Amino acid sequence: MQFTAGQIAQYIGGEVDGDADVAVSSFAKIEEGTPGTLTFLANPKYTHFIYGTQASIVLVRKDFVAEQPVAATLIRVGDPYSALARLLEVASQAMRPQLSGIEQPSYIAEDAELGEGCYVGAFAYIGHGAKIGKNVKIYPQAYVGAGVSIGDDTVLYAGVKVYHGCNIGARCVIHSGAVIGADGFGFAPDAQGVYHKIEQIGIVEIDDDVEIGANTTVDRATMGRTHICRGVKLDNLIQVAHNVEIGHDTVMASQVGIAGSTKIGSGCMVGGQVGFAGHIDVADGTFIGAQSGLAKGTDAGARIMGSPAMPMGEYARMLAYQKKLGALFARVDELERRINSQKYE
Amino acid sequence: MQFTAGQIAQYIGGEVDGDADVAVSSFAKIEEGTPGTLTFLANPKYTHFIYGTQASIVLVRKDFVAEQPVAATLIRVGDPYSALARLLEVASQAMRPQLSGIEQPSYIAEDAELGEGCYVGAFAYIGHGAKIGKNVKIYPQAYVGAGVSIGDDTVLYAGVKVYHGCNIGARCVIHSGAVIGADGFGFAPDAQGVYHKIEQIGIVEIDDDVEIGANTTVDRATMGRTHICRGVKLDNLIQVAHNVEIGHDTVMASQVGIAGSTKIGSGCMVGGQVGFAGHIDVADGTFIGAQSGLAKGTDAGARIMGSPAMPMGEYARMLAYQKKLGALFARVDELERRINSQKYE
Amino acid sequence: MQFTAGQIAQYIGGEVDGDADVAVSSFAKIEEGTPGTLTFLANPKYTHFIYGTQASIVLVRKDFVAEQPVAATLIRVGDPYSALARLLEVASQAMRPQLSGIEQPSYIAEDAELGEGCYVGAFAYIGHGAKIGKNVKIYPQAYVGAGVSIGDDTVLYAGVKVYHGCNIGARCVIHSGAVIGADGFGFAPDAQGVYHKIEQIGIVEIDDDVEIGANTTVDRATMGRTHICRGVKLDNLIQVAHNVEIGHDTVMASQVGIAGSTKIGSGCMVGGQVGFAGHIDVADGTFIGAQSGLAKGTDAGARIMGSPAMPMGEYARMLAYQKKLGALFARVDELERRINSQKYE
Numbered sequence: 022m023q024f025t026a027g028q029i030a031q032y033i034g035g036e037v038d039g040d041a042d043v044a045v046s047s048f049a050k051i052e053e054g055t056p057g058t059l060t061f062l063a064n065p066k067y068t069h070f071i072y073g074t075q076a077s078i079v080l081v082r083k084d085f086v087a088e089q090p091v092a093a094t095l096i097r098v099g100d101p102y103s104a105l106a107r108l109l110e111v112a113s114q115a116m117r118p119q120l121s122g123i124e125q126p127s128y129i130a131e132d133a134e135l136g137e138g139c140y141v142g143a144f145a146y147i148g149h150g151a152k153i154g155k156n157v158k159i160y161p162q163a164y165v166g167a168g169v170s171i172g173d174d175t176v177l178y179a180g181v182k183v184y185h186g187c188n189i190g191a192r193c194v195i196h197s198g199a200v201i202g203a204d205g206f207g208f209a210p211d212a213q214g215v216y217h218k219i220e221q222i223g224i225v226e227i228d229d230d231v232e233i234g235a236n237t238t239v240d241r242a243t244m245g246r247t248h249i250c251r252g253v254k255l256d257n258l259i260q261v262a263h264n265v266e267i268g269h270d271t272v273m274a275s276q277v278g279i280a281g282s283t284k285i286g287s288g289c290m291v292g293g294q295v296g297f298a299g300h301i302d303v304a305d306g307t308f309i310g311a312q313s314g315l316a317k318g319t320d321a322g323a324r325i326m327g328s329p330a331m332p333m334g335e336y337a338r339m340l341a342y343q344k345k346l347g348a349l350f351a352r353v354d355e356l357e358r359r360i361n362s363q364k365y366e
Numbered sequence: 022m023q024f025t026a027g028q029i030a031q032y033i034g035g036e037v038d039g040d041a042d043v044a045v046s047s048f049a050k051i052e053e054g055t056p057g058t059l060t061f062l063a064n065p066k067y068t069h070f071i072y073g074t075q076a077s078i079v080l081v082r083k084d085f086v087a088e089q090p091v092a093a094t095l096i097r098v099g100d101p102y103s104a105l106a107r108l109l110e111v112a113s114q115a116m117r118p119q120l121s122g123i124e125q126p127s128y129i130a131e132d133a134e135l136g137e138g139c140y141v142g143a144f145a146y147i148g149h150g151a152k153i154g155k156n157v158k159i160y161p162q163a164y165v166g167a168g169v170s171i172g173d174d175t176v177l178y179a180g181v182k183v184y185h186g187c188n189i190g191a192r193c194v195i196h197s198g199a200v201i202g203a204d205g206f207g208f209a210p211d212a213q214g215v216y217h218k219i220e221q222i223g224i225v226e227i228d229d230d231v232e233i234g235a236n237t238t239v240d241r242a243t244m245g246r247t248h249i250c251r252g253v254k255l256d257n258l259i260q261v262a263h264n265v266e267i268g269h270d271t272v273m274a275s276q277v278g279i280a281g282s283t284k285i286g287s288g289c290m291v292g293g294q295v296g297f298a299g300h301i302d303v304a305d306g307t308f309i310g311a312q313s314g315l316a317k318g319t320d321a322g323a324r325i326m327g328s329p330a331m332p333m334g335e336y337a338r339m340l341a342y343q344k345k346l347g348a349l350f351a352r353v354d355e356l357e358r359r360i361n362s363q364k365y366e
Numbered sequence: 022m023q024f025t026a027g028q029i030a031q032y033i034g035g036e037v038d039g040d041a042d043v044a045v046s047s048f049a050k051i052e053e054g055t056p057g058t059l060t061f062l063a064n065p066k067y068t069h070f071i072y073g074t075q076a077s078i079v080l081v082r083k084d085f086v087a088e089q090p091v092a093a094t095l096i097r098v099g100d101p102y103s104a105l106a107r108l109l110e111v112a113s114q115a116m117r118p119q120l121s122g123i124e125q126p127s128y129i130a131e132d133a134e135l136g137e138g139c140y141v142g143a144f145a146y147i148g149h150g151a152k153i154g155k156n157v158k159i160y161p162q163a164y165v166g167a168g169v170s171i172g173d174d175t176v177l178y179a180g181v182k183v184y185h186g187c188n189i190g191a192r193c194v195i196h197s198g199a200v201i202g203a204d205g206f207g208f209a210p211d212a213q214g215v216y217h218k219i220e221q222i223g224i225v226e227i228d229d230d231v232e233i234g235a236n237t238t239v240d241r242a243t244m245g246r247t248h249i250c251r252g253v254k255l256d257n258l259i260q261v262a263h264n265v266e267i268g269h270d271t272v273m274a275s276q277v278g279i280a281g282s283t284k285i286g287s288g289c290m291v292g293g294q295v296g297f298a299g300h301i302d303v304a305d306g307t308f309i310g311a312q313s314g315l316a317k318g319t320d321a322g323a324r325i326m327g328s329p330a331m332p333m334g335e336y337a338r339m340l341a342y343q344k345k346l347g348a349l350f351a352r353v354d355e356l357e358r359r360i361n362s363q364k365y366e
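Protein chains in written order, with my numbering: chain A, 22 to 366; chain B, 22 to 366; chain C, 22 to 366.
Calculated from the structure, these hints are not laboratory results.
The structure presented is a predicted model; accordingly, all values stated were derived computationally and were not measured.
Any given hint could be a false lead.
Since the list gives no way to pick one copy over another, a pair counts as held whenever it fits inside one copy or between any two copies.
Below, in silico cross-link-like pairs of lysine-lysine (DSS-like), each with a Cα-Cα straight-line distance of 30 Å or less [unchecked claim]: (1) 155 - 218; (2) 66 - 152; (3) 66 - 284; (4) 83 - 66; (5) 155 - 317; (6) 317 - 66.
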């Protein structure tokens, strides 16, 4: 399917600057654009690519001023990235495999409830007493344990595992390999140093509009629940331990690890490979740089970095000092030389 | 099911302090207790919650002295956490889905051996010549490769993968997504920098009473075995490379990575996101703080932290020095100023 | 099956030093050798084991000079590790389960194409329009989404998940739990701080001769492709974000994380737990020590370490300075004492 610059501009509320009849049928990154593709310019770091791109259409900010000739037709919009997002959504719906019905063989316990419009892929397993909402997509080889509840329009991709008793909200997306509700890591050593399991009888509760990345693990609570609040977005390979709470609209990049009973506020942004100690409180709106390690909690709106984590400004100063350490040693050598020579003057 | 404080105290060998007839039917964390729940106080950090908890019963230490009135009935015991663990075990057995028999469709090779009392979930695969002990639970979509042996009472949760030839002991628990016996990472470059695979013909051997977390990976040996000894507990998303050995009763938090041929002693405690270089020896009883990096081995009983790892005391001092670096630069500036001004006096 | 030292030497082009008739039937590490096993000595760190090994045959370098008597028969070769690799390959082919044909039940869409000699394990899923080459092995419970293409002789181990539209080359090996083509992590916040999904309509493209470790995740591109070039070897639990490119013959140890749109050159070596920021360019032949963090790109042939990463030499000096910080503080204390006492002299 092809769309002209004029049609696209109308759909996203933009203004055409160039040939309104040029047509595109797919998307490309600006540096990889070919004729017939649409691209966008949002990150200023990529501005120089606009002068050489082969793409037919580029979404740009309303106030974009070209410093050299641009061959492509421009569509000027308030926020090119949002406009792109809207177009991608349309394209995605057209491109995604349309799935519905129950593929065979699959396993659906007799007393499981399944809403209207669901897809259940082959080799998927839906256990005893599970309650699945409407239009839920359960891809092949996914596992829904006994007593699990899943809200409307949620998607479990191929091979997702949800242990018994956990609750997942509406409009969630859970990617392949994610494991929801495995036992929290609880063991108590005896006098001989042999560890005995503490049974984990709590659950995981995931609210609406949460996305969970591939191979991420969210452990069930010892008692009570591990709680992922509305709108949280977790990337791949993240560890969420037992009894953790993650506040609404918090986003985390991949490979973050959160130890048990830690509470993370709402609206936080967490970089990749960050580690959180257990039993700490991270306040709303905390921003945490990649690879940081938090041994203690934060105040609202904190911006921290490093392991152990410290305020960003302090971290930057510490790095600057470290770079000048060699010079500092030399300066102290020189001071000693001079004060020693004074002594014998 | 309900139990009174009196019944519970008798079961765990405790002493009732308050109303022995108050009854509970579930568990809660102390800060989330509601009437009808039992909770516990082990971590002194949570002591203040006991004065406000709505829980009906609290397990406390024998010597606990309340500094304000406590509404709940107390049960005094030697170790509240152990007592709780015993109660959780009873509750867990009552709550867990009771599974037995062979669900269909599943795949069990003709020459596989299956002991009495096993559960095999739908879509589970048991390969050629596998030997499964008694009362083993193999959840749906788990994979047991050719020639694998599994001891009595072991549980493989949904989707666990065990490659051919590996051995797993008795009473082990392996969580969803764990991969046991994938090829070790062995490649040799030729003169052109092209890597050629070194076939990995060894196995993984897991002794009795081991627990392995969700999405953890334990690679097979190049030759011989990768060996996880009795009682080891591994959390989620841990990497254990080829030919690693982990000694008995060692516990590791999530996202730890261990490179090839490293030997880790018994009774070690390893924090989250720690990395071990290959071919090193970590002694018995080593304690390693989160996010540490070990480029070399340790002595028995070492307590280390940091990347590169150093003794805890040294690490603490290094952090203290780093905090005072700015002041140190200022002091050297001042010394230079004074010695320079002296010169011209 | 047994082979004599004479037969083995002839096969690998080596020279027997000792009893050419001694026979072996398996392999062992040098410190674990038993009679009837063959071992090798490549890492000088292990040299002392050769004098005590019980192994019957040891592969050594041509120029190896024993400093004590060696009981084993030696086979002298140019490169013992390569020679071992050749022998392991023969052994591996003999030992590996021979798999072929289509196990039942499996799910193969009517319009999927399957080349000659393929193996499809039970509970494997091959979606609508997928194109599978010759001699491909798709183990049980693997998932091949709609429109996926897979080249000849590739192996997908049990439980691998490949989302729709992705392309995998020939002779690739993908280990259990790996997830190829899950959505990239793309969300745009609105004015209320609520995140909205950016649909990810690109694909993952994996060229020939790539190996991908267990539970590693490679996300699909927002637009265009995430690209793993020929001969790349990725260990377990690695995160490759959307639109990343990894150049040919680059190898990465486990738990590495690469953020979106980063380009990594060819012939790079990346240690375990390294993190890469997004949108950076890492040049060909870069060597990166374990646990490093790269906030910016590198020049060709760079050797870097640390978080933030710096040249190896600078990193070593920084560690050396840190070790002497305590002494430096003491030296400055002393200088201040002396200059203060001078003042009043």
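So, going through the hints one by one against the coordinates:
1. Only between protomers do residue 155 and residue 218 lie at most 30 Å apart by alpha-carbon distance; the minimum there is 21 Å, versus 38 Å within a single protomer.
2. For the homomeric pair residue 66 and residue 152, neither the shortest alpha-carbon distance inside one copy (48 Å) nor that between copies (39 Å) is at most 30 Å.
3. For the homomeric pair residue 66 and residue 284, the shortest alpha-carbon distance between copies (15 Å) is at most 30 Å, but the shortest distance inside one copy (36 Å) is not.
4. When the C-alpha separation of residue 83 and residue 66 is checked against a cutoff of 30 Å, the pair qualifies only within one copy, where the shortest distance is 18 Å, while the shortest distance between copies is 55 Å.
5. In this assembly of identical chains, the alpha carbons of residue 155 and residue 317 never lie at most 30 Å apart, being 42 Å within a copy and 46 Å across copies at closest.
6. In this assembly of identical chains, the alpha carbons of residue 317 and residue 66 lie at most 30 Å apart only when taken from different copies (13 Å versus 36 Å within one copy).
In this structure, the hints that do not hold are numbers 2, 5, in rising order.
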